[in-house]
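Engineer: Chain by chain, the residues:
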Amino acid sequence: MNICFGIWSTRGASGLSNASILSIKELAYSFNDGKPIFEYMSLNVNKGEFVSIIGASGSGKSTLFKLVTGLLEPGQGEILMNGQSQPKRLGTVGYMPQKDLLLPWRTVIDNVLLPVELTKQNKPKKRTEAQEWLTRFGLAEYEQAFPHELSGGMRQRVAFLRTLMMGKDLLLLDEPFGALDSLTKRNMHGWLLGLWGELAKTVLFITHDLEEAILLSDRIYLLKGKKGIQEVKINLPRPRNSELIYQPEFMSMRKELEWLIHHEN
Amino acid sequence: MKTRLNKWTGEYGLFLIVVILLVSLWEWVVRQGFIPAFILPAPSAIWRSLVENRQLLLEEHLPATLKEVLIGFVISVMAGLLIGIGMHFSRPLEKVLYPFLVISQTIPLIAISPIFIMWFGYSIWSKIAVTFLTAFFPIVVSTYDGLMSGGNEYRELLQTMGANRWAIFKTVQVPLALPSILSGLKMSVVYCVVGATIGEWLGASVGLGYFSRRMSGNLQADAVFAAIFLLSLLGIVLFLLISLVEKKLLKHRFRI
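Chains as they are written, first to last, in the numbering used here: chain A, 57 to 321; chain B, 8 to 263.
Think of the hints as simulated: they come from the structure by calculation, not from any bench.
For glycine and all other residues, C-beta sits at the position ideal for the given N, C-alpha and C.
Hints are supplied without guarantee of correctness; some may be wrong.
[Unchecked claim] DSSO-like mimics (lysine-lysine), calculated; alpha carbons at most 30 Å apart, straight line:
no., chain 1, residue 1, chain 2, residue 2
1, A, K179, B, K255
2, B, K258, A, K176
3, A, K224, B, K177
4, A, K182, B, K177
5, B, K255, A, K144
6, A, K179, B, K177
[Said to hold, decoys possible] Not close to chain A: a few residues of chain B, all C-beta gaps over 12 Å, as computed:
no., residue
7, T10
8, E18
9, V25
10, P50
11, S51
12, I92
13, P99
14, P106
15, F123
16, M125
17, D152
18, S156
19, R221
20, V252
Please model the complete structure; the sequences and the hints are all you need to start from.
Structural biologist: Laid out in structure tokens, this is it:
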């Protein structure tokens, strides 16, 4: 189901390579009680893309992430990473869960360096790298602070940096801004868009927020439970900024997307 | 400094006032002769007995009891942690051990003590055995429950970072279990004092429990109360020491 609308046309000269970093084919998964959550779902993410997944609660978004990270194994179908099937996926993608899950007894820098510590990488070198990122994230003075001393937005940035420090190309972000108030959320959007150019990562992003999805994404997948999955391309030029949401073009996209969600066929 | 004093009085002031009132009432009731002194000695008499026997109590009996408590506590902590962690890692071990642990707590100590005396004689080990039996259980339970409690989300996150089971245990589960384990330790150390005293009552030649038993045989209620006072003080001090460690270790835990 590939739908392209006039104003959204197919991807033009956006400078993205077409090498697939994640490809899911005919995926099926059922919970222990036998209730299927996906039936033969396929999707593809190319290197350098920002792809959002939208779906109602219970449509299996978080389950999809657990399957990709390797926390769960699919009942049927394949999950290909860089074109190859990867039986041992744990530790191959950067996963940022809904809650920040910062360890309250560790300082900001020690939380950020957690993945480095776990994979026994060169810590002093990575520490310098982490400190540089903290400065760029506006958190330099909080390096030795504890999570309970930070605001919600700061904690989310720290959690994001921790995900980055895993050093993986593909990042799975599960509603990272879902718990933030709308003002902070707006700030985080501006922050992420500003960062996107130099980040050189691929992102798969779960959200409930249509505006957020359009603003940030190159493509959006609508998860519709048993009705399958629908792809929507967003052809807004990059670099983008958070002011974009006030443009009439943006508003009409949002409207159409909403229509798509409510009218399933 | 002044605010600290204020905080302290705010925290404990009411308790102290009630204690002073109760002790005064107690003193008054005994002095008026409502209760005979050999049944309930006056606080002042207990204090006098404490001062009179101070050399015997503080240099002979208190150190003996303290030694039993400390050795018993160390063994309880080591065994308790080991069993708790073992049960956490191995389901079969948990299935086998848990019933035994519960049974061990339902055995009446008084009934089993002759066996301990048979095994260990009147040496310190018969008291340590009783101490261990009363004090290791809270540590096992608090360790086991602490390691089981929550942490699923953290576990999954660390798994996606490529962490193995041991790394997850070390970096997340132990710190998460720490508050529960420390509660267990606080309970256990108080039980240690109780256990050591019971052990001494059942057969000993030295210690505060032994002393109070001998004195009750002589109908010297004031000396019995003096020993009880010291035992309770010992329990409080040990409890406070562990609370201090707890405060240090959990300094950054509070979330508002």
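Engineer: For K255(B) and K144(A), compute the direct alpha-carbon distance and say whether it is at most 30 Å.
Structural biologist: 41 Å, violated
Engineer: Is the nearest CB of chain A more than 12 Å from the CB of D152(B)?
Structural biologist: 19 Å, holds
Engineer: What's the verdict on K224(A) and K177(B), does the C-alpha distance respect the 30 Å limit or exceed it?
Structural biologist: The hint holds at about 24 Å.
Engineer: Would the hint linking K179(A) and K177(B) be met if the CA-CA limit is 30 Å?
Structural biologist: The given pair, whose Cα atoms are some 18 Å apart, holds under the 30 Å limit.
Engineer: Taking the minimum C-beta separation from P50(B) to chain A, is that value above 12 Å?
Structural biologist: 45 Å, holds
Engineer: Closest CB-CB distance from V252(B) to chain A, is it above 12 Å?
Structural biologist: Non-interface label stands for V252(B): nearest chain A Cβ at 15 Å, farther than 12 Å.
Engineer: Checking the smallest CB distance to chain A, is F123(B) really beyond 12 Å?
Structural biologist: 41 Å, holds
Engineer: Checking a non-interface call: every C-beta of chain A should be farther than 12 Å from the C-beta of S156(B). Is that right?
Structural biologist: Holds, because the least Cβ-Cβ distance between S156(B) and chain A comes to about 15 Å, which exceeds 12 Å.
Engineer: Would you say P106(B) is clear of chain A, with no C-beta pair closer than or equal to 12 Å?
Structural biologist: 29 Å, holds
Engineer: Just double-check I92(B) for me: nearest Cβ-Cβ distance to chain A has to come out over 12 Å.
Structural biologist: With a cut-off of 12 Å, I92(B) remains clear of chain A, as the shortest Cβ separation is near 19 Å.
Engineer: So R221(B) supposedly isn't at the interface. Is its beta-carbon more than 12 Å from every beta-carbon in chain A?
Structural biologist: Answer for R221(B): holds, closest chain A Cβ roughly 49 Å.
Engineer: Could you let me know if the closest chain A CB is still more than 12 Å away from the CB of S51(B)?
Structural biologist: Nearest chain A Cβ is 49 Å from S51(B), so the label holds.
When each numbered hint is compared with the structure, a violation occurs for hint 5 only.
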